[in-house]
Each structure stands twice: as structure tokens, then as C-alpha cells.
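A.B. asks: Sequence:
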Amino acid sequence: MRKFVQHSLLLALASPIMAFAQSTEPVDQAVINRIRKEGLENSKVMEIAFNLTDMSGPRLANSPGYSRAANYAINTLKSFGVEKAELDAWGEFGKGWELEKSYMAMTAPYYRPIMIYPKTWTAGNKKLQNAEVLVISAKDSADLMKYSGQLKGKVIMMDQLVTYKHSFKADAVRYTDEELAKMEAATMAPPRPVDTAAQRRQMQAMQQQRGPGGAARMMAILKEMAKAEGAVALLSSGGPRSHDGTVFAQGGGAYKGTDPENFLDIAVGIEDYNSILRIAKTGTPVKLDVDVKTKFHTKDLQGYNVIGEIPGTDPVLKNEIVMIGAHLDSWQAGTGATDNASGSAVMMEVMRILKALNISTKRTIRIGLWSAEEQGLWGSRGYVKKTFADPADMNLLPEHEKLSGYYNIDNGTGKIRGIYLQGNEACRNIFKAWLTPFKDLGAGTVTINNTGGTDHQSFDGVGLPGFQFIQDPIEYDTRTHHSNMDVYDHLIEDDLKQMATIVASFVYHTAQRDAKLPRKPLPAARPAVRR
4 MRKFVQHSLL LALASPIMAF AQSTEPVDQA VINRIRKEGL ENSKVMEIAF
54 NLTDMSGPRL ANSPGYSRAA NYAINTLKSF GVEKAELDAW GEFGKGWELE
104 KSYMAMTAPY YRPIMIYPKT WTAGNKKLQN AEVLVISAKD SADLMKYSGQ
154 LKGKVIMMDQ LVTYKHSFKA DAVRYTDEEL AKMEAATMAP PRPVDTAAQR
204 RQMQAMQQQR GPGGAARMMA ILKEMAKAEG AVALLSSGGP RSHDGTVFAQ
254 GGGAYKGTDP ENFLDIAVGI EDYNSILRIA KTGTPVKLDV DVKTKFHTKD
304 LQGYNVIGEI PGTDPVLKNE IVMIGAHLDS WQAGTGATDN ASGSAVMMEV
354 MRILKALNIS TKRTIRIGLW SAEEQGLWGS RGYVKKTFAD PADMNLLPEH
404 EKLSGYYNID NGTGKIRGIY LQGNEACRNI FKAWLTPFKD LGAGTVTINN
454 TGGTDHQSFD GVGLPGFQFI QDPIEYDTRT HHSNMDVYDH LIEDDLKQMA
504 TIVASFVYHT AQRDAKLPRK PLPAARPAVR R
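First residue of the sequence shown: 4, per our numbering; consecutive thereafter.
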């Protein structure tokens with residue numbers, strides 16, 4: 004996540020096809036006008052988003068909430084007329100997890116309710132327990148040993164006061180013209196030579212940092228001690244972003260089918276965390292009522308994406324594919340509205356728009372709603388590996404040659420301001436032409452820059468044209484991303500309508516081009532990522 008550079012245009016107004024001075028790329032204004040009317044005036048995107056969030060609940064990978072959302076998506080896509088809408092297994096993911104009960108309150112030195120969010124894939128304590136807080140003050144893992152034998156029946160917390168920082172800036176912002184112009188003016192950095200020996204040294208250094216003296220290792224040892232001795236729970240602050248009632252909660256532990264249940268780790272806001280810590284450090288006993296119940300789902304460890312398509316009509320080009328996608332899964336504290344029901348709803352709305360207008364395209368249009376993006380892009384990586392190529396060996400499958408391009412949405416609720424080229428300069432003038440009709444909606448920036456952290460990388464990683472749109476950040480990093488505030492009310496309806504309209508136009512024009520989108524050189528094979 005992350006002005007406008009003005010260009011003079013020569014418009015061939017006598018025809019619905021407009022030719023632009025900076026590009027020979029055709030743009031079908033007549034179809035765009037139809038898409039705009041349907042997308043902006045007859046939108047169903049908020050209805051879709053409501054069903055993916057409020058009606059489905061949190062959508063952690065392999066959880067009941069994910070299943071509810073996936074089944075809704077399949078049935079809804081079918082109702083739009085999308086063919087072959089179905090669950091598509093991509094490989095083994097691991098255990099599902101859901102929260103069934105969550106309660107905590109301070110009972111001494113006085114009563115106060117505490118808002119909590121147990122972390123994913125952690126066990127509950129299964130019954131109401133009243134436990135005293137034990138503050139752990141240790142500089143390294145060896146120092147933890149002084150607490151051996153003291154953890155039974157305790158709620159433990161690290162002696163790490165979180166400094167509260169007041170915010171003097173608005174949570175929600177849009178990109179300025181100056182910021183977008185800077186993106187547009189960016190140049191491609193020269194490629195760095197591949198040095199496998201250096202990469203190995205870097206990996207070794209990272210492993211050493213995570214060794215016995217590292218904070219992560221120390222926390223892992225503490226959890227092992229707590230579990231073995233019968234502690235009740237660990238309190239975590241949720242980090243410095245967790246303020247003003249917002250709690251950022253993610254992670255929690257391993258989730259493979261063979262992994263043991265993780266020790267109960269509870270995220271709380273920094274105000275509550277700091278208050279409990281300050282009281283306890285005076286020597287005053289702090290007692291907490293804790294009642295957390297969780298459930299693991301192990302019957303089916305496979306991971307599933309949702310895949311559907313609109314077949315192309317050209318006798319030759321119908322075997323080629325244009326793909327759109329977004330990740331359907333979320334974390335557990337909210338209902339994953341901006342991360343990423345917004346993207347999933349937009350992409351489903353794109354399919355609805357095209358079917359509602361009965362628009363036929365030369366190429367087949369395919370949607371992918373991915374699972375387990377939050378754990379490392381596993382859903383899209385699994386799909387790419389079995390459909391196009393495995394980045395570990397780069398042996399190309401037949402479908403690799405057939406994909407024209409992939410478009411992704413995963414930067415919150417903010418409207419589209421342009422697109423990242425991911426270093427694919429050959430697409431610049433194509434995308435500039437396709438964005439020009441949406442200048443009045445605030446979109447127009449094309450930047451050579453890469454952006455990461457989401458599913459277009461799975462496609463780009465095997466040499467396929469994969470793109471993520473530039474979106475206004477709104478309050479993504481400041482308020483909603485992986486927090487309890489990531490809920491329906493933080494969606495902006497007009498922005499989602501704008502997004503679906505622009506993506507529908509991009510998809511249509513990609514599907515109608517005489518040639519597929521230009522590609523970058525194929526990347527070299529690289530070792531498989533270890534989970």
C-alpha cells in the first residue's frame with residue numbers, strides 16, 4: 004500500500020474506440036460506459052461484503068467461518084451465471100480453529116471487565132478460573148529458569164510496559180497528488196546479482212538472531228514452561244498500535260495437523276495491559292477471571308480456494324485466461340472487512356457486472372478467492388504450483404502459456420488510484436490507456452514500483468503478469484489491519500463501487516486484446532519455501 008501526471012490525449016470521438024497519443028492501445032468507451040452505469044448505479048458489492056463479514060464471521064483458514072464464506076461465494080457466483088464455481092483443493096493446510104467462548108475480568112484489587120482476543124490456534128482453559136498475575140522479568144532464556152516451578156495456576160505477562168504514543172494525525176487518509184506523482188516518476192532499480200552464498204549467510208544470521216538469546220525463542224521457552232507447569236494463560240499487549248479500543252491480534256502458533264495445541268495466548272489493548280502490569284509491579288495482588296474455550300477442526304486438513312469462470316467465446320482465444328482474485332481468509336479479532344472481504348466482494352462484483360451486462364469476451368475470465376493468504380499466500384501459491392508452474396523448479400505447465408494476466412485487490416477499502424507494474428514496463432502504456440477513462444474517479448497513476456505481501460506475488464513469482472492496484476490507504480495500517488476494528492462499518496461503499504468498475508474494465512480489455520499482456524523474463528528456479 005502505499006498526483007497525477009497529466010498527459011495530452013487525442014480522442015477519436017467519432018468512434019466508441021478511442022486512440023491515445025501515448026499508446027496504440029484501443030479502449031472501448033461504449034462498453035466502459037455500460038460498465039460504469041452497472042457498477043456505480045446498480046452495485047451489489049455491499050450486499051456481498053455484508054454476507055462475507057457479518058453473516059460469515061471471522062474467516063480464519065480452514066475455520067467454519069471460512070467455510071460459510073466460501074459456500075456463500077460459490078452459490079452467489081452461480082446465481083450470477085458464473086460457471087464452474089466450486090471449491091478447489093490446493094494442498095494440505097492444517098487444522099481449523101474457532102473461538103467458542105471468551106471472557107476475562109480483573110477481580111482484584113477491584114472489578115474491571117477486560118476486552119480480550121485469544122490468538123489463533125491456541126487452546127482454551129476450558130473452564131472459569133480465577134488466577135493471580137505473575138510478572139516475568141527476564142533478560143534472556145536462561146534468566147527464565149528462576150521462574151521454574153512458579154507458573155502453575157498463574158496468568159503470566161512479560162515485564163514490558165508499552166509506551167503509549169498519542170496520534171496527532173488522522174487515521175484515514177487518501178493519497179495526495181504529490182504522492183501519486185512521486186509513484187509515477189519512480190524508476191526501476193537495477194537488478195541485484197543473485198548470490199546464493201550470500202543468501203545462505205543471511206539465512207544463517209537470521210537463524211542465529213532467533214536462537215536461545217532471541218526474544219522469539221525466549222517467548223517460546225516461556226510458553227513451553229507455562230504449558231508444562233499448568234499456567235492458565237499468557238497476556239500479550241497486541242503491540243503499540245493497539246490503542247483507543249483497537250486491539251491488533253494475529254498469530255498464536257503452529258497449525259499443521261501434527262502440531263500440538265498451543266498455549267493460551269491472549270491479546271489485550273495496551274491500556275489494559277499497562278494498567279495490569281503497573282498494579283502488579285507494586286506488589287499488589289492482581290487477580291483475573293479467565294474463561295476461554297476454543298475448538299480445533301482436524302477432520303479435513305486440506306486447504307480450499309474458490310474458483311469460478313466465465314468462458315470465452317473466441318474459437319481460438321477462449322482457451323486463454325484472464326484471472327482476478329483476492330484472499331477470502333482473515334484473522335480472528337474482526338470479520339476481515341478491509342482484509343480482505345473488500346477485495347473478495349469487489350472481485351465477485353466484477354463477475355456480476357460482466358454477467359449482468361451479458362458481455363462476451365474472447366478469452367475466459369476466471370476468479371480465484373484464496374485461502375491461507377495470511378499464513379504466507381498458501382492458497383494462491385498452491386493454485387499456481389499445480390496450475391502454472393512450481394517456482395522451485397520452474398518447469399512450466401501448459402496453462403502457463405495461456406494466462407494473459409492476473410489482477411489482485413488486497414489493500415483495504417480505499418479506492419483505486421492506479422496500478423503497480425511490478426517492474427513490467429512493457430505494460431505501462433497499456434494500463435495508462437485503460438485508466439484514462441477513469442480520471443474523473445481519481446485513478447490514473449501507473450508506477451514501475453513493486454508492492455508485496457499479497458497474492459499477485461504468487462503469479463509474478465513464476466513469470467506471469469501479476470498486478471496489484473494502488474489504493475488509498477484510508478485507515479488500513481492505523482486502525483483495521485488484523486484488528487478487532489476490521490469490520491463492515493469500516494468499508495466505504497463508493498470506493499468499493501469504483502474499484503469494481505475499474506477492475507471490470509481492465510478485465511474486459513485484457514480479455515479482448517489481440518495479444519496477451521507482455522511478460523517479464525522468466526525468473527530462475529528457487530528452493531521451496533519452508534513452512
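No wet-lab data here; the hints were simulated from the structure. Glycine is no exception: its CB is placed at the ideal position from the N, C-alpha and C atoms. Be careful, since some hints might not be right.
Said to hold, decoys possible - Okay, derived cross-link-like pairs now, DMTMM-like style, lysine to aspartate or glutamate, Cα gap no bigger than 20 Å in a straight line: (1) 129 / 317; (2) 519 / 317; (3) 155 / 103.
Said to hold, decoys possible - Label-pair distances were calculated between CB atoms; the ranges are: (4) 281 / 521: 20 to 28 Å; (5) 146 / 303: 22 to 30 Å; (6) 284 / 529: 44 to 52 Å; (7) 529 / 146: 24 to 32 Å.
A.B. asks: Run every hint past the structure and note whether it holds.
C.D. replies: Each hint tested on the structure:
1. The hinted pair formed by residue 129 and residue 317 fails the criterion: a straight-line CA distance of about 59 Å is larger than 20 Å.
2. For the hint pairing residue 519 with residue 317, the CA-to-CA distance comes to about 14 Å; that is within 20 Å, so the pair holds.
3. For the suggested pair residue 155 and residue 103, the alpha carbons sit about 24 Å apart, so the restraint of at most 20 Å is broken.
4. Distance hint check for residue 281 and residue 521: the Cβ-Cβ separation is about 59 Å, which falls outside the suggested range of 20 to 28 Å.
5. A beta carbon spacing of about 43 Å between residue 146 and residue 303 contradicts the range 22 to 30 Å that was offered as a hint.
6. For residue 284 and residue 529, the hinted distance range of 44 to 52 Å is satisfied, since their beta carbons lie about 48 Å from each other.
7. The beta-carbon spacing between residue 529 and residue 146, approximately 39 Å, falls outside the hinted interval of 24 to 32 Å.
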